[in-house]
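Asks: Each chain, letter by letter, is given below.
Number of protein chains: 2
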Amino acid sequence: MKGLWFTERQNPGLEISCLTKKTLHWEKTDYQELAVIDTETFGRMLLLDGVIQTTIEDEFVYHEMISMVALNTHPNPEKVLVIGGGDGGTIREIAKHPKVKEAVLVEIDGQVVETAKKYLPEISVGLDNPKVRVIIDDGIKHVQDNENTYDVIIVDSTDPVGPAVGLFSGEFYRQIHKALTPDGIFVAQTESPFFNKDLIKGIQKDLADIFAINKLILANVPTYPGGLWTFSLGSKKYDPEKVERESIAELDTKYYSRDVHFSALVLPPFVKELMP
Amino acid sequence: MKGLWFTERQNPGLEISCLTKKTLHWEKTDYQELAVIDTETFGRMLLLDGVIQTTIEDEFVYHEMISMVALNTHPNPEKVLVIGGGDGGTIREIAKHPKVKEAVLVEIDGQVVETAKKYLPEISVGLDNPKVRVIIDDGIKHVQDNENTYDVIIVDSTDPVGPAVGLFSGEFYRQIHKALTPDGIFVAQTESPFFNKDLIKGIQKDLADIFAINKLILANVPTYPGGLWTFSLGSKKYDPEKVERESIAELDTKYYSRDVHFSALVLPPFVKELMP
Chain A
1 MKGLWFTERQ NPGLEISCLT KKTLHWEKTD YQELAVIDTE TFGRMLLLDG
51 VIQTTIEDEF VYHEMISMVA LNTHPNPEKV LVIGGGDGGT IREIAKHPKV
101 KEAVLVEIDG QVVETAKKYL PEISVGLDNP KVRVIIDDGI KHVQDNENTY
151 DVIIVDSTDP VGPAVGLFSG EFYRQIHKAL TPDGIFVAQT ESPFFNKDLI
201 KGIQKDLADI FAINKLILAN VPTYPGGLWT FSLGSKKYDP EKVERESIAE
251 LDTKYYSRDV HFSALVLPPF VKELMP
Chain B
1 MKGLWFTERQ NPGLEISCLT KKTLHWEKTD YQELAVIDTE TFGRMLLLDG
51 VIQTTIEDEF VYHEMISMVA LNTHPNPEKV LVIGGGDGGT IREIAKHPKV
101 KEAVLVEIDG QVVETAKKYL PEISVGLDNP KVRVIIDDGI KHVQDNENTY
151 DVIIVDSTDP VGPAVGLFSG EFYRQIHKAL TPDGIFVAQT ESPFFNKDLI
201 KGIQKDLADI FAINKLILAN VPTYPGGLWT FSLGSKKYDP EKVERESIAE
251 LDTKYYSRDV HFSALVLPPF VKELMP
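So the protein lines, in turn, are chains A and B.
Letter by letter, the first sequence follows residues 1 to 276 of UniProt numbering.
Letter by letter, the second sequence follows residues 1 to 276 of UniProt numbering.
No lab work stands behind these hints: they were computed from the structure.
The structure presented is a predicted model; accordingly, all values stated were derived computationally and were not measured.
Fair warning: there could be bad hints in the mix.
Which copy? The list can't say, so a pair holds if one copy fits it or any two copies do.
The calculated EDC-like cross-link candidates involving lysine to aspartate or glutamate, where the alpha carbons are at most 20 angstroms apart (straight line), are [claimed, not checked]:
1. K237 to D183
2. K117 to E8
3. K242 to D259
4. K272 to E57
5. K117 to D159
6. K272 to E250
7. K201 to D159
The whole structure should be built from the sequences, with the hints applied where relevant.
Replies: Written as structure tokens, this is what we have:
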């Protein structure tokens with residue numbers, strides 16, 4: 001088919017290409033190349049350094065699954081921190097939860113927030129929720145400066161290259177552990193079980209060393225390499241597999257549900273192998 | 001990256017491209033264009049009419065999930081039929097199951113079988129199993145000619161275009177119902193819940209009309225559009241969700257397990273909507 005195609009190199013031997021209708025925004029920020037394009041298949045799409053971050057069509061999967069499992073595992077997630085996630089999708093889901101009183105978003109690149117507000121209103125709507133406070137700063141610094149503060153901390157980052165590398169280190173996870181309350185829960189997006197096995201192994205080993213409980217959450221994000229994606233969870237006290245089904249808030253979600261809460265924690269043998 | 005890239009148009013606005021090392025085979029058969037290429041990311045890959053059918057790296061997901069849920073739902077799956085699946089991967093999984101006595105493969109295109117034997121031995125190995133009988137014929141005709149014969153029938157077909165269209169019709173499902181024993185189970189690959197919603201809705205409605213029980217099985221196949229894939233199941237008597245966990249055969253599988261048997265039947269709300 002004719003037309004302008006956006007192509008992402010997902011790994012050295014794999015590319016995904018999307019037919020585009022329009023380039024809505026492009027800029028070089030202080031941190032990364034930021035773009036929003038409109039595509040035939042997935043609608044408007046946020047790109048950072050040429051990598052698909054989220055799209056109008058499939059964003060619900062990622063944003064629900066990075067937040068809802070932890071929020072429904074903690075009995076009282078009043079204060080929640082999101083590091084990264086400047087598009088607002090994750091904080092939108094968090095703000096939905098009736099038990100959340102304050103949701104803080106710390107995004108290093110203010111241009112991501114501004115651009116999402118302008119071109120991705122369905123996703124950035126959460127940023128205007130009265131429960132939400134947006135801070136443009138370095139998430140690592142914020143975590144260091146706020147000990148014993150948050151019930152849930154979610155790291156909604158880009159891939160572990162460039163600005164995000166520090167967000168995948170054991171040292172950072174130790175700081176997260178300190179920033180959590182004594183029964184706090186941590187979740188981060190941790191890439192593909194098909195293409196990033198060593199990364200996931202290392203992260204889960206770190207979490208097993210630092211937290212009482214470490215789990216892997218699976219969900220399918222069509223625009224990510226291979227589709228199958230992982231979120232790593234570290235918990236000081238509460239086990240997401242031992243949640244009382246009836247205690248899970250029934251919210252307006254399209255991927256997450258009371259049943260999916262548990263099924264997303266079931267690992268096929270080839271994924272289970274990655275666990276310590 | 002330089003090199004020769006194979007590109008599949010997965011839908012009008014979406015393409016996947018794989019860096020190739022070598023084209024091992026290419027021919028125009030009586031039914032379709034048949035090729036085997038060696039790729040950097042997924043190893044050797046079987047293509048029919050330019051569409052990825054299976055690859056060495058990820059074939060285990062599809063072949064285990066199209067067969068194991070049904071085989072472990074039926075208490076005594078002695079006689080099993082596979083329509084299509086000429087690569088041998090599905091029959092390889094079926095032959096693994098201790099309760100299976102005879103597995104019949106009916107593939108319309110003998111060249112698929114011959115080519116898989118030559119270039120995809122890890123997948124086609126099942127074709128040489130003593131339990132397996134290979135028939136090169138029209139699967140629809142075979143089903144019409146064999147009433148009340150099979151405990152499990154699996155339709156391992158290409159997409160619903162060209163030669164496979166008839167394999168997605170309610171009329172064919174009625175013939176399958178007749179070819180099954182009185183407590184038989186039917187499974188077919190039924191495309192993507194992101195990109196083929198109407199197809200899946202129609203199939204599930206047909207199965208609900210014809211069978212006592214209809215279910216959707218989910219699995220993640222990285223080389224298929226969007227990753228998330230469905231298998232539709234119709235059963236005369238046995239409900240895959242009511243299987244006794246301990247009765248599930250523990251075989252050498254990489255995606256399927258006793259726990260995955262049940263988690264694969266849990267549908268996110270946006271997929272549940274497709275069910276009648």
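Asks: Between copies, within a copy, both or neither: which fits K237 and D183 at Cα up to 20 angstroms?
Replies: within (5 angstroms within a copy, 47 angstroms between copies)
Asks: Please work out whether the CA atoms of K201 and D159 approach to 20 angstroms or closer within one copy, between two copies, in both situations, or in neither?
Replies: within (16 angstroms within a copy, 36 angstroms between copies)
Asks: State whether the alpha carbon distance between K117 and E8 is at most 20 angstroms within one copy, between copies, both, or neither.
Replies: Close neither inside one copy (24 angstroms) nor across copies (35 angstroms); limit 20 angstroms.
Asks: Is it within, between, both or neither when you check K272 against E250 at 20 angstroms Cα-Cα?
Replies: Classified as between; 15 angstroms across copies, 29 angstroms inside a copy.
Asks: With identical chains, the pair K272 and E57 could be close in the same copy or across copies; at 20 angstroms between alpha carbons, which is it: within, between, both, or neither?
Replies: between (30 angstroms within a copy, 17 angstroms between copies)
Asks: For the identical chains here, do K242 and D259 meet the 20 angstroms Cα criterion within one copy, between copies, both, or neither?
Replies: both (13 angstroms within a copy, 16 angstroms between copies)
Asks: Under a CA distance limit of 20 angstroms, which applies to K117 and D159: within one copy, between copies, both, or neither?
Replies: For K117 and D159, the Cα distance exceeds 20 angstroms both inside one copy (22 angstroms) and across copies (40 angstroms).
The structure does not agree with the numbered hints 2, 5 stated previously, though it agrees with the rest.
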